[in-house]
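A.B. asks: Sequence:
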Amino acid sequence: MGEQDPQNINFIQENLILIGVVLLGIFIYLVMLIRKRWRQNFLHNSSEKEQPK
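Okay, so the sequence shown: first residue is 33 according to my numbering, each after it adds one.
Among the hints, a few may not be true.
Between beta-carbon pairs, the in silico distance windows are [what the hints assert, rightly or not]:
(1) R71 x E46: 35 to 41 angstroms
(2) N40 x I60: 27 to 33 angstroms
(3) P38 x Q72: 50 to 56 angstroms
(4) N42 x L62: 28 to 34 angstroms
(5) D37 x L75: 52 to 58 angstroms
(6) L75 x P38: 51 to 57 angstroms
(7) G57 x Q36: 43 to 49 angstroms
(8) I60 x P38: 30 to 36 angstroms
(9) N73 x N47: 37 to 43 angstroms
(10) F59 x Q36: 28 to 34 angstroms
(11) Q45 x L65: 38 to 44 angstroms
I should point out that these hints are in silico values taken from the structure, not numbers from a laboratory.
Ideal Cβ positions, reconstructed from N, Cα and C, are used throughout, including at glycine.
Please work from the sequences and hints to get the whole structure.
C.D. replies: The following block contains the structure:
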């Protein structure tokens, strides 16, 4: 097994940090959506447009 170049290790660490930040952003977005639905008791709003009778 050969040793890895320090530049490769740094590149992998930067990618892991970037992936972590993206996943954290997605997680926060999903939490906000769940909180919004929780307040609405997980019900969808009825259509605001009036349907013709």
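A.B. asks: All hints, please: hold or fail.
C.D. replies: For each hint, the structure was consulted:
no.	hint	verdict
1	R71 x E46: 35 to 41 angstroms	holds, 38 angstroms
2	N40 x I60: 27 to 33 angstroms	holds, 31 angstroms
3	P38 x Q72: 50 to 56 angstroms	holds, 52 angstroms
4	N42 x L62: 28 to 34 angstroms	holds, 31 angstroms
5	D37 x L75: 52 to 58 angstroms	holds, 55 angstroms
6	L75 x P38: 51 to 57 angstroms	holds, 55 angstroms
7	G57 x Q36: 43 to 49 angstroms	violated, 29 angstroms
8	I60 x P38: 30 to 36 angstroms	holds, 33 angstroms
9	N73 x N47: 37 to 43 angstroms	holds, 41 angstroms
10	F59 x Q36: 28 to 34 angstroms	holds, 30 angstroms
11	Q45 x L65: 38 to 44 angstroms	violated, 31 angstroms
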